[in-house]
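With the sequences and hints as input, model every part of the structure.
There are 2 protein chains.
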Amino acid sequence: MAVASTVPEAIARFLDEPTPRDWLDEACTRLPEMLNDHANCELKAASTALGFLYRYPERTALAQRMSKLAREELRHFEQVRSIMDEMAIPFQRTSASRYAGRLRDATRPMEPNRLLDMLLVGALIEARSCERFAVLAPRLPETLGKFYGGLLASEARHFEHYIAFARSECGIGDAKLNERLAELKDIEATLISEADPDFRFHSGPPLQLSKLSP
Amino acid sequence: MAVASTVPEAIARFLDEPTPRDWLDEACTRLPEMLNDHANCELKAASTALGFLYRYPERTALAQRMSKLAREELRHFEQVRSIMDEMAIPFQRTSASRYAGRLRDATRPMEPNRLLDMLLVGALIEARSCERFAVLAPRLPETLGKFYGGLLASEARHFEHYIAFARSECGIGDAKLNERLAELKDIEATLISEADPDFRFHSGPPLQLSKLSP
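So the protein sequences, as listed, match chains W and B.
First residue of the first sequence? That's 1 in the numbering used here, and the numbers climb one at a time after it.
First residue of the second sequence? That's 1001 in the numbering used here, and the numbers climb one at a time after it.
None of these hints come from the bench; they were simulated from the model.
Just so you know, not all the hints are guaranteed correct.
Interface residues of chain B toward chain W, partial, derived using beta-carbon atoms under 10 Å [as the list claims (entries may be wrong)]:
#1 L1043
#2 A1046
#3 S1047
#4 L1050
#5 Y1054
#6 E1058
#7 K1068
#8 R1071
#9 E1072
#10 R1081
#11 S1082
#12 D1085
#13 M1087
#14 P1090
#15 Q1092
#16 R1093
Just so you know, even glycine gets a beta-carbon here, dropped at the ideal spot from N, CA and C.
Okay, structure coming up:
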């Protein structure tokens, strides 16, 4: 069952599937792990943005935007770390999630497909993150809920920046771009909908071991 | 011959050797290359700062400071890129310089020596960068000179942050820390003083081919 929320309309329209209620229920009982993985995600998002600068150094507009995005993700990383510190939650590195790993596996290796796919995957991850901020915010303790509301406001446009660069940087028409985007959206929606053995910020609903029994 | 300048006293005292006048003269005739390498250095400094977050995730104070430093270096990267864009200078990636490569080679691989050396090398690179901002500023076209003066003000304390973490994070007494710092300062001063086949933001004086002739 989908979650009633205040997800911005552009984001709700962009994603094929809303976050399942089972994930949200699970997240509310596992706040320390959720915050830890969220801090990791902000750090990884910054590294991913910087990866564009290293891989496509000659593209000035892309480099400037990705550098700004990286700075914003790092500021959010610091904020989540501060909250974790106040709550006496130790920070630990998390390995790549099923979500990020499968989306990365879906990117094609040859240019210009590689840049296109990385930008579209970037858009999907940013949109999903914001959707999760929106559905989490009303369910969290007040201070934390306000913080997630602020993150949503701050990051709500990120996915559009990624899409804009996919249009401007890859020399591909709208029809082909939308076709590839639809394929990646499908993979993303499946990852969010199918039972996931690990709980993460971007995981699917928890695997119910009882449901596996005969 | 050393350069008369407005290098902050703490930085002048920290470094064993001032920038040679021959490097400064060369830099003033090679501004596009200097700016390009400087932009690369800001990006590499951000990546180096983030490396501490990945390698020592559990050290909260270090992570928070390095994340802030990375944000500041990225903002400066964007500013240098903007100036290059206005001057129609294309940005290109530069490989590791002799300076950064030799200092990295001098770091010891085993902990806690590795963290100590990386922090001390970080302090030296930050201090040298600021010293170069200071000696360059009065010699550059006005707008660029003002920009370098601003960078100097903004980054002048970075080397002290690195030294403070070397003291607080490595479980080593002042005597041993200063002994190791003296060894690394010696390497750094040699790299800045000895003729360098490549011109870089952190290179030594240019190799005078005529001096090699009999």
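A quick look at each hint next to the structure:
no., hint, result
1, L1043, "6 Å, holds"
2, A1046, "7 Å, holds"
3, S1047, "7 Å, holds"
4, L1050, "7 Å, holds"
5, Y1054, "7 Å, holds"
6, E1058, "6 Å, holds"
7, K1068, "7 Å, holds"
8, R1071, "5 Å, holds"
9, E1072, "9 Å, holds"
10, R1081, "6 Å, holds"
11, S1082, "7 Å, holds"
12, D1085, "6 Å, holds"
13, M1087, "12 Å, violated"
14, P1090, "7 Å, holds"
15, Q1092, "7 Å, holds"
16, R1093, "5 Å, holds"
The structure does not agree with numbered hint 13 stated previously, though it agrees with all others.
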